[in-house]
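*Asks:* Residues per chain, in single letters:
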Amino acid sequence: MADGKTAMSTPVIEVNNVVKHYGSVIALSGVSMKVSQGEVLCLLGDNGAGKSTLIKTLSGVVRPTSGDFLVEGKPVAFNSPRDALDAGIATVYQDLAMIPLMSITRNFFMGREPLKGIPPFRHIDFKHCNAVTHEEMRKIGIDIRDPNQAVGTLSGGERQCVAIARAVYFGAKVLILDEPTSALGVAQTSMVLKYIHQVQQKGLGVIFITHNVRHAYAVGSRFTVLNRGKTLGTCAKGEISIDELQNMMAGGKELQTLSDELGGTI
Amino acid sequence: MAQIEQQTTVAAKPDERIRQVGFLTHMMRRPELGAVAGLVMVVVFFFFAADPSMFSLSGLMTILAPASQLGILAIAASLLMIGGEFDLSIGSMVAFTGLIFGALLTNFGQPLWISIVFTLMLAAVMGAVNGQIVIRTRLPSFIVTLAFLFILRGLTLVGLKWATGGSTQLRGIEDVVGDGLLRQVFSGVAFQPLFNWLAEHDLIEKFDNGVPKVAGVPVSVLWFVGITGAATWMLLRTRVGNWIFAAGGDPVAARNSGVPVDRVKTGLFALTACAAALVAIITVLDAGSTDARRGFQKEFEAIIAAVIGGSLLTGGYGSAIGAFFGAIIFGLVSIGLTYTQFDSDWFQVFLGSMLLLAVLFNNFIRRKVTGER
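Those protein sequences? They're chains A and B, same order as listed.
Using my numbering, read the first sequence as starting at 1 and increasing by one per residue.
Using my numbering, read the second sequence as starting at 267 and increasing by one per residue.
Hints may be right or wrong, so weigh each one.
[Unchecked claim] Dumping the calculated DSS-like pairs for lysine-lysine here, alpha-carbon to alpha-carbon at most 30 Å:
no., chain 1, residue 1, chain 2, residue 2
1, A, LYS74, A, LYS173
2, B, LYS472, A, LYS139
3, A, LYS202, A, LYS173
4, A, LYS127, B, LYS472
5, A, LYS116, A, LYS74
6, A, LYS139, A, LYS116
[What the hints assert, rightly or not] Partner residues are not named here, just some residues of chain A that face chain B (Cβ under 7 Å, in silico):
no., residue
7, ILE99
8, ARG106
9, MET110
10, GLY111
11, GLU113
12, LYS116
13, HIS123
14, ILE124
15, ILE142
16, ILE144
17, GLY203
Hints were generated in silico from the structure; no laboratory data involved.
Where is the CB? At the ideal position from N, CA and C, for every residue including glycine.
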């Protein structure tokens, strides 16, 4: 697709030959990928392929053992998730995005509360916070009655959307979504996928981690497949069919055989 | 296909449910609701069961004085609980800081202000040490502070015998303190002129010689109210407050969002220890002495008051106002029983039942708020 081609010019994030060892365990043995503005890069891979380690590297949780990590063409080394956030890389984790007992507003502004007043009486500008939260929720089509209601009252899909909206609002250039749809039902999945598409239209780069090929194929511009800590390959959407992608991800033959046995339902 | 249909209905269901309970949840979102309901229940009970003198001015002051001392601890304990940790060493901390404070005044002959500042600073450092141990070892704070419960209680005994030459009570603080302005901030009663004026005009009870039966409001009550106000404002309006909720609600999510969870928790431990030191200073100055049993079992009473006040044991939810009411309920029940026909031995039965009720109620509320099934 057109997205895939224009994207080639300015990668927001580019990693080349990234290696990560945990003691004697080689989690990543040379992974390369890049993502540009306005494209959704799907990172596919079965369990143990190294997806989590790659995200942790990109989001500043762990430091790579070796390899190049470029943000907008400049080499970076993150020491903490905060560094990654400041560089415009926001990560939305599957279960760990929101605190259920806290209100939507408090969650939305967590860690970045706007203050007013003079010390020692500085306090959070809740009027502003509530207005912004309400407006941002309206934009993504979640009609909340009261931004002070607890996040726990939202559905899983809505929570993911709030977390994404938060990252977008605070100026993320790249969004890393860690299996945002894996715990969701069909309706909620489509809600999240729709929102990912919307974010892409805004010109953000999105790294969408999943092991569900259908979800990936629905929104992805390009697909990078990981296997056993290595990049197996990267394809643009037009170049590969959904079945080929599935086979590539699962390591080919065995799954094809299984699929035939089960009448093509995988 | 059947599976797909099922998923769709499950996904669509929560929406309708939220709309339905929306108003109810709104009403019950305040964590202190349970404590207010409990307070009403307890007051109604004593209104019928107790001697009317319980609700006279002097009766209320008799209740408020111990309630306020417990309340200062309960509010700190409740902040710490919201932040996701416990401190079982506050009772022993009251005894230990009481010893330090008393020894500074008598054995070392320090002026009052130096003794107060040093006691508070030492408490803050010890609280921070508690916090750092919990954070660095990732052990439950329950166990770490349980160890400190015994360590501090033991140190208090050892220290008292050293300071007094063998006794478990340190006396003579009255004589060395004097009667300055600073002392009035931490001990005695406030608003005396007002109460005298009220007595003159027959607005409050007085003795035959014209002296009001209640000389004033104990300063500990003023501290209690002030701390409740400050803690509530901090929790609900400031950035630190938001961080406390976040640290207790889900430390990993909070950290991912850039909240300095470890610093928040360490600060809370220091704050709790300072609250214990404040109570120690107030009680030592009021009594003019300190002993090894100061603050005995106060850690449990403070946690009970915090739980009655709506704080969840699992953290992330609660309020300072709730702890305020929790402490008053505690005072009402413990003192109030002496105004009734009931034997005061019933106190602990009453307290345990209250705690159980509060926990059940809190659990119910939490499910409502978070939409858990």
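*Asks:* Now tell me if each hint is right for this structure.
*Replies:* Hint by hint, here is what the structure shows:
A C-alpha spacing of about 15 Å is found between LYS74/A and LYS173/A, which places the hinted pair at or below 30 Å, so the restraint holds. For the hint pairing LYS472/B with LYS139/A, the CA-to-CA distance comes to about 67 Å; that exceeds 30 Å, so the pair is violated. Between LYS202/A and LYS173/A the alpha-carbon distance is near 10 Å, which keeps this suggested pair within the 30 Å criterion. For the proposed pair LYS127/A and LYS472/B, the alpha carbon gap of about 50 Å is over 30 Å, so the pair is violated.
For the given pair, LYS116/A sits about 36 Å from LYS74/A by alpha-carbon distance, which is inconsistent with the 30 Å threshold. A distance of roughly 26 Å separates the Cα atoms of LYS139/A and LYS116/A; the hinted pair therefore holds under the 30 Å criterion. For ILE99/A, the interface hint holds, since its Cβ comes within 7 Å of a Cβ in chain B; the closest pair sits about 4 Å apart. The beta carbon of ARG106/A comes within 6 Å of a beta carbon in chain B, closer than 7 Å, and the hint placing it at the interface holds.
A hinted interface residue such as MET110/A counts as satisfied when its beta carbon comes closer than 7 Å to some beta carbon of chain B; here the least separation is about 4 Å, so the hint holds. With a least beta-carbon distance of about 3 Å to chain B, the hint placing GLY111/A at the interface is held under the 7 Å criterion. The beta carbon of GLU113/A is positioned within 7 Å of a beta carbon in chain B (closest approach about 4 Å), and the interface hint is therefore held. Given the 7 Å rule on beta carbons, the hint for LYS116/A is violated: about 10 Å separates it from the nearest Cβ of chain B.
Taking 7 Å as the C-beta contact cut-off toward chain B, the hint placing HIS123/A at the interface holds, the least distance being around 4 Å. Satisfaction of the interface hint for ILE124/A is found here, the shortest Cβ-Cβ separation to chain B being roughly 6 Å, below the 7 Å cut-off. Proximity of ILE142/A to chain B is violated relative to the hint, the smallest CB-CB distance being about 10 Å (cut-off 7 Å). This hint is violated: ILE144/A has a C-beta 9 Å from the nearest C-beta of chain B, more than the 7 Å allowed.
The beta carbon of GLY203/A is not positioned within 7 Å of any beta carbon in chain B (closest approach about 24 Å), and the interface hint is therefore violated.
When the structure is compared with the earlier hints, violations turn up for hints 2, 4, 5, 12, 15, 16, 17 and for no others.
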